[in-house]
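Q: So the chains spell out like this:
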Amino acid sequence: MNLGNLITVSRWELRRSRGRLSAGVVLAVLLLSTSLLLLFLTSLNSPSRVVFYSVGIQGEDSILSGALEYDGRFRVERYPGDAQRLLMEGRLDLLIRISDGVSVLYTPEESSLAALDALAQAISIYKTLTLFAVEAEQVNYAFPLWIQTHYLKREWEFQYFTLPEGSEDAEDTRAGASNGESPAGKIAGGETPPEALPSSEAEKLLNSYRRSWLDMSGITTEEARITLPTLFTPPLPFKSVLLAFIVALPIYLFSQFYSASMLEERNHRRAELLLSSPLSAGDVVAGRMLVYLCLSLTAIAGTAAILRRRLEPEVALILLPVVFLFLSLSLLASVLSRSYRENSFILIFLSVTLFSFLFFPAMFVNVHAVSTISPVSLLVEVFEGGELEFGDYLLVAFPFFAAGSVVFLLATGMFADSVLFPQKPISHRLIYGVWTLWSRLGGGKPALVLLGAAAAVLAYLLELGYIVALFQLPFPLSLQLLLVLAAFSEEALKAGVIAGVLRNPLNRSRVVLIGALCGTGFFLGEKLIAFSALAKLSGSLFWSAILPGERIFGALLLQAALGILAARVLVRSRSFVLTVALTGSLHLLYNLIILGGVP
Amino acid sequence: MREIALLRKELRGLAKEKTLLLTVVVQLLIASFSALLVTGIISYTSPEALGEVAGEKVALGVVDADAVLLELLKTEGRLELSSYPGFQEALEAFYAGDVDGILVVSRGEDMVSDPVKIDLYLPSNDIRGTLVAAYLKQPLEDYEEVLRRERLRFLPEQMREVLGYELPVRESGRSAYFEFVYGVLIPLLLLAPAFIAGGLVIDLFTEEVEKKTLQLLLASPAGLLRVLRAKMLAALAVVPIQAVLWMRLLEFNGINIENELLLLLISMSVALMLVISAGIIAIAARRRSRAHLLYSLMLINFFLAGMQLGEVSPLGATAALATGRFHSTTPLVLFLLLSVPLYLLLARLASRASTGATAA
Numbered sequence: 001m002n003l004g005n006l007i008t009v010s011r012w013e014l015r016r017s018r019g020r021l022s023a024g025v026v027l028a029v030l031l032l033s034t035s036l037l038l039l040f041l042t043s044l045n046s047p048s049r050v051v052f053y054s055v056g057i058q059g060e061d062s063i064l065s066g067a068l069e070y071d072g073r074f075r076v077e078r079y080p081g082d083a084q085r086l087l088m089e090g091r092l093d094l095l096i097r098i099s100d101g102v103s104v105l106y107t108p109e110e111s112s113l114a115a116l117d118a119l120a121q122a123i124s125i126y127k128t129l130t131l132f133a134v135e136a137e138q139v140n141y142a143f144p145l146w147i148q149t150h151y152l153k154r155e156w157e158f159q160y161f162t163l164p165e166g167s168e169d170a171e172d173t174r175a176g177a178s179n180g181e182s183p184a185g186k187i188a189g190g191e192t193p194p195e196a197l198p199s200s201e202a203e204k205l206l207n208s209y210r211r212s213w214l215d216m217s218g219i220t221t222e223e224a225r226i227t228l229p230t231l232f233t234p235p236l237p238f239k240s241v242l243l244a245f246i247v248a249l250p251i252y253l254f255s256q257f258y259s260a261s262m263l264e265e266r267n268h269r270r271a272e273l274l275l276s277s278p279l280s281a282g283d284v285v286a287g288r289m290l291v292y293l294c295l296s297l298t299a300i301a302g303t304a305a306i307l308r309r310r311l312e313p314e315v316a317l318i319l320l321p322v323v324f325l326f327l328s329l330s331l332l333a334s335v336l337s338r339s340y341r342e343n344s345f346i347l348i349f350l351s352v353t354l355f356s357f358l359f360f361p362a363m364f365v366n367v368h369a370v371s372t373i374s375p376v377s378l379l380v381e382v383f384e385g386g387e388l389e390f391g392d393y394l395l396v397a398f399p400f401f402a403a404g405s406v407v408f409l410l411a412t413g414m415f416a417d418s419v420l421f422p423q424k425p426i427s428h429r430l431i432y433g434v435w436t437l438w439s440r441l442g443g444g445k446p447a448l449v450l451l452g453a454a455a456a457v458l459a460y461l462l463e464l465g466y467i468v469a470l471f472q473l474p475f476p477l478s479l480q481l482l483l484v485l486a487a488f489s490e491e492a493l494k495a496g497v498i499a500g501v502l503r504n505p506l507n508r509s510r511v512v513l514i515g516a517l518c519g520t521g522f523f524l525g526e527k528l529i530a531f532s533a534l535a536k537l538s539g540s541l542f543w544s545a546i547l548p549g550e551r552i553f554g555a556l557l558l559q560a561a562l563g564i565l566a567a568r569v570l571v572r573s574r575s576f577v578l579t580v581a582l583t584g585s586l587h588l589l590y591n592l593i594i595l596g597g598v599p
Numbered sequence: 001m002r003e004i005a006l007l008r009k010e011l012r013g014l015a016k017e018k019t020l021l022l023t024v025v026v027q028l029l030i031a032s033f034s035a036l037l038v039t040g041i042i043s044y045t046s047p048e049a050l051g052e053v054a055g056e057k058v059a060l061g062v063v064d065a066d067a068v069l070l071e072l073l074k075t076e077g078r079l080e081l082s083s084y085p086g087f088q089e090a091l092e093a094f095y096a097g098d099v100d101g102i103l104v105v106s107r108g109e110d111m112v113s114d115p116v117k118i119d120l121y122l123p124s125n126d127i128r129g130t131l132v133a134a135y136l137k138q139p140l141e142d143y144e145e146v147l148r149r150e151r152l153r154f155l156p157e158q159m160r161e162v163l164g165y166e167l168p169v170r171e172s173g174r175s176a177y178f179e180f181v182y183g184v185l186i187p188l189l190l191l192a193p194a195f196i197a198g199g200l201v202i203d204l205f206t207e208e209v210e211k212k213t214l215q216l217l218l219a220s221p222a223g224l225l226r227v228l229r230a231k232m233l234a235a236l237a238v239v240p241i242q243a244v245l246w247m248r249l250l251e252f253n254g255i256n257i258e259n260e261l262l263l264l265l266i267s268m269s270v271a272l273m274l275v276i277s278a279g280i281i282a283i284a285a286r287r288r289s290r291a292h293l294l295y296s297l298m299l300i301n302f303f304l305a306g307m308q309l310g311e312v313s314p315l316g317a318t319a320a321l322a323t324g325r326f327h328s329t330t331p332l333v334l335f336l337l338l339s340v341p342l343y344l345l346l347a348r349l350a351s352r353a354s355t356g357a358t359a360a
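Chains A and B are the protein sequences, given in the same order. Counting in my numbering, the first sequence runs from 1 upward without gaps. Counting in my numbering, the second sequence runs from 1 upward without gaps.
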């Protein structure tokens, strides 16, 4: 790759995409995006308009009617005939009778119990809403209590899955923690004691709540740190996650553009010309990517600035590794797919998986260690008024950058092949990609070790994804599933590398060397990840299921032995599935023995 | 006959496409992640669900609380209370792991006219913090009531009346789960096949454009509208299969769905609207990337607008019909009626495009 060439290709792409966007399209895109933002802002602040419950009322009660009307989730029937029968048949969820007192009849059905809860909410919201109309000098009579939440970092504990007492790893973590900051040091450095809230301050706070509740202006979430008891909720940052989602949407749009642009090049048979020019495949691919990388980051920072009404460059920085991985994956999608349909399906699949992987953990910021896996958690923390710590950022971003680079290099290796032989099957193309990558890296022993390490990085990202998907399942089951998935994915990736190298028939006589080197590389990759101090999840059983523990020699031996076995079986049987089934089972068996059996 | 031949061609193409399976996997993924989200939401409002895994009780350190607040906190049986003379002592206990949260009360000088502030210190990244917060909600709301009652006489008459209003109901957090399942999960799953169908039409059409096979088709007696219609029908054919599959799966998971036939028709009518719109976009934009951009933006708009329109929107109609609180064919008729002008527009664009193409 050459910087000058890179910039040339980027300039072409920019010019081309400008020509592609006619005035009509630009106008349509702008209109649609504006209405999207407006609708988003409205929907954040308006009550539900979907009817979920039907309520029968017998009698008159202005406050109740007002509350139900404001809420909008209820359909109200006044004086229904034979109301009790309607309730029993499930056609009414609640029946409210107003004579001397108020009585609420309900059934044990799920919808009726939910309606009961919604009714209580409606009344409480109506009360708060009435109080919002209070005069300035009466604020402290209407809202006498304010709650401010502070978060303190305590010694790390992984809630569900801490290692059993006395186990080797558990003691390591504890010792490590007490060597660090001592509890006494924290207090000395510490928190200032809380102070009373001045009356004038309360008035200001109330005004900001009035605004954000009643109007659609301003989505700032920091002020929620001082709140009213009715609005006080356990710390799950729904609003910020939603905000982060909207901010991250351009990633999807631009990766689609990138993928389409690469595919078009191929379909229009221009890519052959490019490849025969002095430009390398790397220049062509990376130059394009640079354009979309910059556009995505600008769009992200822009959307965030509009929604948050302030410029926060750290938002783009946090999402940079995500954009890079996403673009690399869409490049892979474009070189793997043979038609537009295939490309669409692969892209949808990739983006749904990756978006769930990114956003689901972010729901658990402040709640669960799993949130530290995703960069979006950092974004949510920034939206919630926190500071971005560079150390945290590096830890979260590293696997994304590493995996992104591996995918990028692999896809670049396949580019020429995909241009010349567009109809070859996907398995062929993957093997070819590995082979090209290996030859590019020099085609020797160090290159093979490097590829093994790259496979470990990919395996690591996959396994983080598994943790995200599994961590809420009941405990032993989640761990068992993770063990199985991890063992087989690791072996599949390793076998992929070996299959790529064995593409050259001459290499087939050196299976022992190839298997051993690839296994060693994989082991080194795992160690590198472990040393990169992503220690936040360490001490959990999940962690020891995906990375080797202290038994360094055993792990090295295992990886090398399984590598050799994989190479041998691949040469003999020519069956990838059989190879992975065999080595994966052995790997699983070893892990089970190391962990001392599944609880 | 020509129509059927074209349709058969498209369907055969689709059946060969192994990647179609991927979309089914995608929908499964959405479903399973939604299921996880439901768990998240339940824990948001009713922490009992989390209590099972995290141990029932949590310890709370209290500083400067008055007798009334202490009494209210005691009514919440899952909080183990210990009082501390000062903030520093409580903080030490917090870092030593004796308590999982600290509650500090501070008052202004005037007992009546100054607000009371509660500072809550919770461990970050710890599920016990969530539990403490969740258990505290009701006692704190009650405490606010008590404080407000002391100050009630300073408020206007009409406000006092609303504040004094009592119903014999308590919040339980059950509505969040119910509304998520019927308001988000079911509409999303039943309409996702329709969204995908639109995207499929764009791909099928722009592929012919970019591979330059469209000219051949136009030269045949089929005509552009016929070709498009076959593609749209092929995309539509996949919708009901997926929708029925989802309804069965949801029911298998114990979620009761009412008005099934109507829901199926709704998802098909929405698919019809989207497929025609996708056809219009495809003709207008020609290039796949442009068409997909416009289509995705349109879809998001469609989604967000649906949240505002209630039962006449696809999302709202699906939600309301699925709960059985609403029986009406109005949305269905509306969507079908809306498809008519859309189709006419498509037909016009198609005839203009094909005469343009033959002239060229």
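Keep in mind that the hints are not guaranteed to be accurate.
Unchecked claim - A partial selection of chain A residues facing chain B, derived with a Cβ cut-off under 7 Å: (1) S62; (2) T128; (3) L129; (4) Q148; (5) K153; (6) R154; (7) A196; (8) S199; (9) S200; (10) L273; (11) L274; (12) Y340.
To be verified - Below, a list of computed lysine to any residue pairs in the SDA-like style, where the Cα atoms sit at most 20 Å apart: (13) B/K137 with A/L129; (14) A/K204 with B/S172; (15) A/K127 with B/R151; (16) A/K127 with B/E141; (17) B/K137 with A/R266; (18) A/K127 with B/E145; (19) B/K137 with A/Q148; (20) A/K127 with B/E71; (21) B/K211 with A/Q423; (22) B/K212 with A/L578; (23) A/K127 with B/K57; (24) A/K127 with B/L262; (25) B/K211 with A/E137; (26) A/K127 with B/K211; (27) B/K211 with A/L588; (28) B/K211 with A/V419; (29) A/K127 with B/R153; (30) A/K204 with A/E137; (31) B/K211 with A/T128; (32) B/K211 with B/F195; (33) B/K137 with A/T128.
Unchecked claim - Derived list of chain A stretches under chain B, where covered just means 3 residues or more per stretch with a C-beta under 8 Å from a C-beta of chain B: (34) 136-142; (35) 252-264; (36) 289-303.
To be clear, the hints were calculated from the coordinates, so they are not data collected in a lab. We put the CB at the ideal spot given by N, CA and C, even for glycine.
Q: Are the hints correct? Go through all of them and say.
A: Results of checking the hints against the structure:
{"no.": "1", "hint": "S62", "verdict": "violated, 9 Å"}
{"no.": "2", "hint": "T128", "verdict": "violated, 10 Å"}
{"no.": "3", "hint": "L129", "verdict": "violated, 9 Å"}
{"no.": "4", "hint": "Q148", "verdict": "holds, 5 Å"}
{"no.": "5", "hint": "K153", "verdict": "holds, 5 Å"}
{"no.": "6", "hint": "R154", "verdict": "holds, 4 Å"}
{"no.": "7", "hint": "A196", "verdict": "holds, 4 Å"}
{"no.": "8", "hint": "S199", "verdict": "holds, 6 Å"}
{"no.": "9", "hint": "S200", "verdict": "violated, 10 Å"}
{"no.": "10", "hint": "L273", "verdict": "violated, 17 Å"}
{"no.": "11", "hint": "L274", "verdict": "violated, 18 Å"}
{"no.": "12", "hint": "Y340", "verdict": "holds, 5 Å"}
{"no.": "13", "hint": "B/K137 with A/L129", "verdict": "holds, 19 Å"}
{"no.": "14", "hint": "A/K204 with B/S172", "verdict": "violated, 32 Å"}
{"no.": "15", "hint": "A/K127 with B/R151", "verdict": "holds, 16 Å"}
{"no.": "16", "hint": "A/K127 with B/E141", "verdict": "holds, 12 Å"}
{"no.": "17", "hint": "B/K137 with A/R266", "verdict": "violated, 60 Å"}
{"no.": "18", "hint": "A/K127 with B/E145", "verdict": "holds, 11 Å"}
{"no.": "19", "hint": "B/K137 with A/Q148", "verdict": "holds, 13 Å"}
{"no.": "20", "hint": "A/K127 with B/E71", "verdict": "violated, 24 Å"}
{"no.": "21", "hint": "B/K211 with A/Q423", "verdict": "holds, 14 Å"}
{"no.": "22", "hint": "B/K212 with A/L578", "verdict": "violated, 42 Å"}
{"no.": "23", "hint": "A/K127 with B/K57", "verdict": "violated, 32 Å"}
{"no.": "24", "hint": "A/K127 with B/L262", "verdict": "violated, 39 Å"}
{"no.": "25", "hint": "B/K211 with A/E137", "verdict": "violated, 72 Å"}
{"no.": "26", "hint": "A/K127 with B/K211", "verdict": "violated, 64 Å"}
{"no.": "27", "hint": "B/K211 with A/L588", "verdict": "violated, 48 Å"}
{"no.": "28", "hint": "B/K211 with A/V419", "verdict": "holds, 15 Å"}
{"no.": "29", "hint": "A/K127 with B/R153", "verdict": "holds, 17 Å"}
{"no.": "30", "hint": "A/K204 with A/E137", "verdict": "holds, 12 Å"}
{"no.": "31", "hint": "B/K211 with A/T128", "verdict": "violated, 62 Å"}
{"no.": "32", "hint": "B/K211 with B/F195", "verdict": "violated, 25 Å"}
{"no.": "33", "hint": "B/K137 with A/T128", "verdict": "holds, 15 Å"}
{"no.": "34", "hint": "136-142", "verdict": "holds (count 4)"}
{"no.": "35", "hint": "252-264", "verdict": "holds (count 7)"}
{"no.": "36", "hint": "289-303", "verdict": "violated (count 0)"}
Going down the numbered hints, you'll see the structure goes against 1, 2, 3, 9, 10, 11, 14, 17, 20, 22, 23, 24, 25, 26, 27, 31, 32 and 36, while the others check out.
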